[in-house]
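J.: The residues making up each chain are set out below.
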Amino acid sequence: MLTMSRYPNESMGTDMPETAKNGPRVGLFATCLMNVFRPNIGFAAVKLLEDAGCTVEVPDSQTCCGQPGYNSGDFDAARALARQVIATFEHFDYVVGPSGSCMATIRHDYPALFEGDPDWAPRAEALSRKSFELLSFLHDELGVTQAQARLDAVATYHDSCSGLRGLGIKGQPRALLAGVEGLKLKEMQDAEVCCGFGGTFCVKYPEISEKMVDDKIRNVLATGADTLLGGDLGCLMNIAGRLKRINAPVKVFHTAEVLAGLAGGGGIASEPGETR
Amino acid sequence: MTSAREDILKGIRGALKRGPLDATQQSALATRVPAHTRPAIDEDAVERFVRKFESRAGTVARVATLRNVPAAVEAYREAQGLPQRAAVGAGLKSLRWAKGWEVHHGAAGSDEALAVSPALAGIAETGSLLLASGPDSPTTHNFVPDDHVVVLEAKQIVMHFEEAWAMLRARPEGIARATNIISGPSRTADVEQTIQLGAHGPRRVHVILVG
Amino acid sequence: MEIRSNEFKGRAVFAIHDASLQQALGKAREGFVGKRAQQAAELPEFEQLREEAKALKNHILDHLDHYLERYEQAVTAAGGQVHWARDAEEARTIILGICKRVGAKTVTKGKSMVSEEIGLNEALIDEGMEVVETDLGEYIIQLAHEPPSHIIAPAVHKTKDQVSDLFEAAHGGPRKTTVPELVDEARRMLRDKYFRADVGITGGNFLVAETGSSMIVTNEGNGDLTQTLAKVHIVTSGIERVVPTLDDATLFLRLLARSATGQETETYTTLSTGPRRADDLDGPEEYHVVLVDNGRSRMLAGRFREMLRCIRCGACMNHCPVYGAVGGHAYGWVYPGPMGSVLTPLITGLDNAYDLPNACTLNGRCASVCPVKIPLPDLLRELRHMQHQQEITPAMQRRALKLWRFAATQPRLYHAGERIAARLLAAIGRKGRIRRLPLASAWTDVRDLPAPAGRTFLELWQGKRGKS
Ligand code: SF4
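Chains as they are written, first to last, in numbering that gives the first Met the number 0: chain H, 0 to 275; chain Z, 0 to 210; chain C, 0 to 467.
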């Protein structure tokens, strides 16, 4: 059930609340997957940030954080992308993205990539310090404790690896979700174990990935939850895609969609419904 | 041709981008005193030793003085249905055994059923016995028989490993050839992670705690 | 040991479909992970100890030459002999030399990963010696003619039924079906071997420079019987296993059992210092240590020095979801799982193990439990970097990366591509998903692909808010 099922573009009126104009200036990092596959998460992120008093901008000179190159061993390509991200976002107060994975790349990997580089290392360090994953930013930096949303569902939460181990995201989404009316959270076994996505891993080693996502899904289904939540679209696409393939009736949403009251329709890999 | 030893050391120094350490550096390392964190323990050492040792399927009987040890061994023997024969470490030579007992102080042979050994220390931290090999306590006693009885005096129990090492170092003969730290009966979990006692070493380890 | 790491993909798929293996792996995973977590939780100092262990290992590696020389002096003073081996072959030659000199017929062995690394058993058997593995797990896989699939639980891939079969075939009937019966049978079979052994070979968890002692940590007592009852005791160990003092070894002991088997301590921790002494009633007449380099000093030079901190606890593989899915044999050499995926290419050559650094989601669970805090995912990524630079990666992948870089560094082009992709995929999608996509079959063979709604976020955003 949905209580705020508006078309995201409508919910994001151009008449921004006055307070927002005085809050921190946040550059939204629009991750590649989100941009193509699930714009709704982007709008959810904007709404949550604006509700928390931020001024949000989405610079259009951004593309990818460079992680595909970095994790494939092409460090030069990763640096090229990192320089682009740094130049695009360094004049913001913060850069925030709805993905633990991309934001961990900016926070942890950029400084490592430019270690010893007199020009870029300081800039990478500076950006690293003000880069945050969305939910941890809301909770830890802005002190948001309560989300104004409702979702009648029994949900279980998958801890995506980069967010969990790279950025220490564990309690924040749960704390925020606890305030969502009608939502019951049921922990699954091995919530912290990788779902088998791993970027290009899932297409390089599809059989292993399949085994891993099946293990994950077994744990999801064992909770009896009707909804799966998480903070990284890559993992969510992997799990949702597999759930659909085996016809398991579990809806999948990004946590931000729920918190923003934008968790409409059947979720990821389902009929787009009102978000078309 | 250079020796493997020289080559390896050269390789290491090459990797560390330096030559051999000079005398000052060497003596600094020689006098280095490790001060690693020891687990804080808020429990009586003897109590903890017993609790931990028993938690790993070891058994403990307490007696007042060393003179009571043979009787305690007899009680254990009887409970286990063993013959009145034991390999006893010469460190316990002074014990007086009741009539009928056949005791020797040699190494344990393949048919040895019971051995009685003196411990050098008990380590409360993990509930472990420390036995130092030598004529007083042959190593075979610790591993060959099915039943191993170890005599430990309460005052030998220390809290942490580091104190037990100090006791070992302080012996006139220094470090033993074999220093065995024993934390219960032998066990294995190699078949489906099922813990099974008595893998290759003793099936039972019984401590007679004196004092 | 033969390297079959380049067969990883095929062996992994095979493993996933092996029902017995999956049953065995499932059990192991639950046991190891739960028990370690409990031990870590019960020791408030655990994290502090990990930090200190990392620092101590770094200190040792910084002064490795010094501590090895000190160790050698102390071993010699205790009447033992230290041998240095540059590589596997040299190590085998040294050990074979000792065995032949004493006319060894029966050689008993405690568990030693270094002896696997140098392919010792085959060499001894080729010389006509009887080699008996005495660790129950090692004994099982020796009967099965298989390499270990785990560094601390070598037969973790075997179910009880399979062990029953192996024992029945080797020892004759009646078939034993319970764990106590099986363990008892192995105990009986091995007893007399210990007493008959001419040479006993063990590993060395730690080599203590202060005292010249080798230290082994076991649960079964087989290592102790091996090294006490044989006429000659040979220790094989990597050069990185030296520690300055007993107090230093203690720091690692506090972490090892907890990380490995989830025990507070293993049953036996034994220090061996030289051969039998004048008044000793038992113990080996000769005591040798073979220090094996085999690529380690090279590792010390660069980015991979951190790997030399490894104390071989196995926690990384116990927590690795890929290891948990495919087991140890898929990795194709001696060391499996995360630590093996780093060590194998470094020891055996980058192009002998292409898949190992790649078959990892970089989820980081291994590093989060490693007692000496080795950044395993970073090291795996570094190996990918080396593969990329040395053009060992498939040409297709390198072309794709080039194309991606070209597009992604030009935002307009990239966004145009994203818009086209979003529209195309939306057009193919039915009910919000795509069931088959020829160019992305590796994805769609396993799972549906969520279909985009048609327009990208940036497009929609600009439509509403204008350019920022
Ligand atoms: S890498 Fe770390 S976790 Fe893995 S075996 Fe070595 S010490 Fe243990």
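Don't read these hints as lab results, they were simulated from the structure. Be a bit skeptical, because a hint or two may be false.
Label pairs and their computed distance ranges (CB to CB) [unchecked claim]: (1) Ala29(Z) x Asp17(C): 37 to 45 Å; (2) Arg31(Z) x Glu46(C): 18 to 26 Å; (3) Asp17(C) x His90(H): 49 to 57 Å; (4) Glu42(Z) x Gln188(H): 45 to 53 Å.
Backbone N, C-alpha and C fix where the C-beta goes; we use that ideal spot for every residue, glycine too.
J.: Give a verdict on every hint.
T.: Results of checking the hints against the structure:
1. Ala29(Z) x Asp17(C): 37 to 45 Å: violated, 54 Å
2. Arg31(Z) x Glu46(C): 18 to 26 Å: holds, 24 Å
3. Asp17(C) x His90(H): 49 to 57 Å: Distance hint for Asp17(C), His90(H) holds at roughly 56 Å.
4. Glu42(Z) x Gln188(H): 45 to 53 Å: violated, 34 Å
The earlier numbered hints that this structure contradicts are 1 and 4.
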